[in-house]
Structures are given as C-alpha cells and as structure tokens.
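Here are the chains, one letter per residue:
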Amino acid sequence: MRSANPSVPLLATIAIGLTSLAVVMVFFVAPEDVDQGISQRIFYVHVPIALTAYVCFALGAWKALRLLWTRGERYDLESYTAIHQGTIFGALTLLTGSIWAKASWGVWWLWSEDQLVLFLVLFLFYCAYFMLRFSLEPGARRERISAVYALFGVALIPVSFLAIRLAENFIHPTVFTRDGPQMEGSMFAAFCVAWAALLVLAYVMYRVELLGKRTDAHLRLLREALT
Amino acid sequence: MSQEQLVAAAYGVFLAVVLAWIVIIAAKLSRLERETAELAELAQRRRDDG
Numbered sequence: 001m002r003s004a005n006p007s008v009p010l011l012a013t014i015a016i017g018l019t020s021l022a023v024v025m026v027f028f029v030a031p032e033d034v035d036q037g038i039s040q041r042i043f044y045v046h047v048p049i050a051l052t053a054y055v056c057f058a059l060g061a062w063k064a065l066r067l068l069w070t071r072g073e074r075y076d077l078e079s080y081t082a083i084h085q086g087t088i089f090g091a092l093t094l095l096t097g098s099i100w101a102k103a104s105w106g107v108w109w110l111w112s113e114d115q116l117v118l119f120l121v122l123f124l125f126y127c128a129y130f131m132l133r134f135s136l137e138p139g140a141r142r143e144r145i146s147a148v149y150a151l152f153g154v155a156l157i158p159v160s161f162l163a164i165r166l167a168e169n170f171i172h173p174t175v176f177t178r179d180g181p182q183m184e185g186s187m188f189a190a191f192c193v194a195w196a197a198l199l200v201l202a203y204v205m206y207r208v209e210l211l212g213k214r215t216d217a218h219l220r221l222l223r224e225a226l227t
Numbered sequence: 228m229s230q231e232q233l234v235a236a237a238y239g240v241f242l243a244v245v246l247a248w249i250v251i252i253a254a255k256l257s258r259l260e261r262e263t264a265e266l267a268e269l270a271q272r273r274r275d276d277g
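In order, the protein sequences belong to chains A and B. Following our numbering, the numbering of the first sequence begins with 1 at its first residue and continues without gaps. Following our numbering, the numbering of the second sequence begins with 228 at its first residue and continues without gaps.
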C-alpha cells in the first residue's frame, strides 16, 4: 500500500531548493538593516531555527497525546524522534542566538534576560526527557511516562514564546508584533522562505531518523525470532 | 571577531550541525546494513539446514 506521505527524496529536493532560495534572498535580496548592519542577517537563521524547535516539540507532544489516547505503539517512536529533532534545533537556537548576542550586545549570554533563560529551561527540560526515557526499561510503562513528560513540556513553549513579548527589558528584539512584522517586505519574504526551508529540512530529518529507528526495532525483532 | 565573521560563524554552526547529523545517520545506516546482512545469512543457513 502506498503511503500518503510525500517521499523523503522529494522532500529533500524541496528542502535543498528552498535553502538555496533562502540563501539568495538573505544575502542578495533583503536589504541590510540600518540599526544592526550585517549582523542582522543572523535573524534569518536564528529565528526560523527557534520556531522550528517549537514546532518539533509541539509535534512530539501531539504524538505523545495520540499515544495516550489511542495506545498506538507507533506514536512512541514518532514522539521520541520529534523531540530529538527539537533538541537539535534547540541547541542550534542557543548557539546562533549566542553568536547574534555577541554581535549585537557584545556578550555571549545575559542571565538577566528572561527570554534567553526561559528558552534554556525549555531546552534542558527536553534534554531531561532522554535521561528519563533511558532510565526506564523498554515497554508500555516507558512509553506512557515519556508521553506524559512530553505533554508537560509543551506548556513551556508558549511561556518561552511570550517571554520575548512580555519582557520589560527590550534587549532581545521583538520583530513580530500585533501590527504585523516590523520589517520591509523583502526582509519578511526572505524570513518566510528561510523558515519554510528549515521546516522542510526538519521534517526530512525527522522522517529519515524515524525510518532508521523503525528499521532498528524491526531488526531486533527479527534477530529474536531467528536466534 | 568582526561582524562578518560572526555572521559566517552563525551560518557555519548551522551547517556543521546538519553535516554532523548526516554523518551520524550514515554511520547508523551502515550498522543497520551490516545487521541486515547478518540476519539474511542466518535465515539462509536456517533454510539450508531445512
């Protein structure tokens, strides 16, 4: 039976195309920011990475909810893989954010900034997911506990996201407001293409990892049956 | 570091992490391939033994 999902090679091709377009738009189409100069270009990689991390964590929580609701075994691996992708993109958010902080504020990190600390808390929360998961024996109990933990984590996402808007100290820039994106049209277009590229890339990585993990699980079963 | 170097570093870090992920996945796929070959051999031997 053919899967309804688009094939991984097709998605990878789309990701390469979007990434190439994003690079062209970021470096050759979008104008240089008047205030931050060239360092503002980091915005086009840092913010999409952060938003993609949120999406991955939310996907992990959704799959966790599906596991708890339907008891479908496949959702455990899907949730775990999504959260793994989220931590990769979370780490990238912290790294690119630190570099942008150095470029803009002259320091790599500011403990006084709630937005930065809350994202770090979110990232560390999901790192602890793996410690919890692998401290338990494989089975239904591990699946349920991991799913509940993943669902708790999703509550941190809006807190982390809103902290950027609620902070009184406006060092971390707020570009997207209720009045819309506070940037030129070409900048916003470059941002949208960059985010689309990262979302597709993250989805390709998710599908490839999931395929590997499922194959691993099937091989383990086969080995048990044959030996 | 200059502003240009920091911008290059930000994009470079992103590229490095994606490439590292590719290397790790490639290593995992190689292991899966070896295991599949071992299991195929095991299944073949069982079939030959009848």
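Everything labelled a hint here was simulated from the structure, so no lab data went into it. Don't be surprised by glycine CBs; every beta carbon is placed ideally from N, CA and C. Some clues are possibly wrong.
[To be verified] FRET-style restraints, in silico, Cβ to Cβ: (1) B:Ala235 to A:Gly17: 37 to 47 Å; (2) B:Met228 to A:Ser7: 17 to 27 Å; (3) A:Ser7 to B:Leu259: 12 to 22 Å; (4) A:Val159 to B:Ser257: 21 to 31 Å; (5) B:Leu256 to A:Ile38: 35 to 45 Å; (6) A:Trp105 to B:Ala243: 45 to 55 Å; (7) B:Leu246 to A:Leu21: 18 to 28 Å; (8) B:Gly239 to A:Ala189: 47 to 57 Å; (9) B:Leu246 to A:Leu132: 23 to 33 Å; (10) A:Asp35 to B:Glu260: 24 to 34 Å; (11) B:Glu265 to A:Ile38: 52 to 62 Å; (12) B:Ala243 to A:Arg214: 19 to 29 Å.
[To be verified] Interface residues of chain B toward chain A, partial, derived using beta-carbon atoms under 7 Å: (13) Leu233; (14) Val234; (15) Leu242; (16) Val250; (17) Glu262; (18) Glu268.
Now the hints, each set against the structure:
1. B:Ala235 to A:Gly17: 37 to 47 Å: violated, 23 Å
2. B:Met228 to A:Ser7: 17 to 27 Å: This hint is violated: roughly 42 Å between Cβ atoms.
3. A:Ser7 to B:Leu259: 12 to 22 Å: holds, 19 Å
4. A:Val159 to B:Ser257: 21 to 31 Å: violated, 41 Å
5. B:Leu256 to A:Ile38: 35 to 45 Å: The hinted range 35 to 45 Å holds for B:Leu256 and A:Ile38, with Cβ atoms some 39 Å apart.
6. A:Trp105 to B:Ala243: 45 to 55 Å: Given range 45 to 55 Å: violated, Cβ gap about 24 Å.
7. B:Leu246 to A:Leu21: 18 to 28 Å: For A:Leu21 against B:Leu246, whose Cβ atoms are near 20 Å apart, the range 18 to 28 Å holds.
8. B:Gly239 to A:Ala189: 47 to 57 Å: violated, 24 Å
9. B:Leu246 to A:Leu132: 23 to 33 Å: holds, 29 Å
10. A:Asp35 to B:Glu260: 24 to 34 Å: Hint violated: Cβ distance 52 Å, outside 24 to 34 Å.
11. B:Glu265 to A:Ile38: 52 to 62 Å: holds, 53 Å
12. B:Ala243 to A:Arg214: 19 to 29 Å: holds, 28 Å
13. Leu233: holds, 4 Å
14. Val234: holds, 5 Å
15. Leu242: Because about 10 Å separates B:Leu242 from the closest Cβ in chain A, which is outside the 7 Å limit, the hint is violated.
16. Val250: With a minimum Cβ separation of about 13 Å from chain A (threshold 7 Å), the hint on B:Val250 is violated.
17. Glu262: Status holds, d = 5 Å.
18. Glu268: violated, 10 Å
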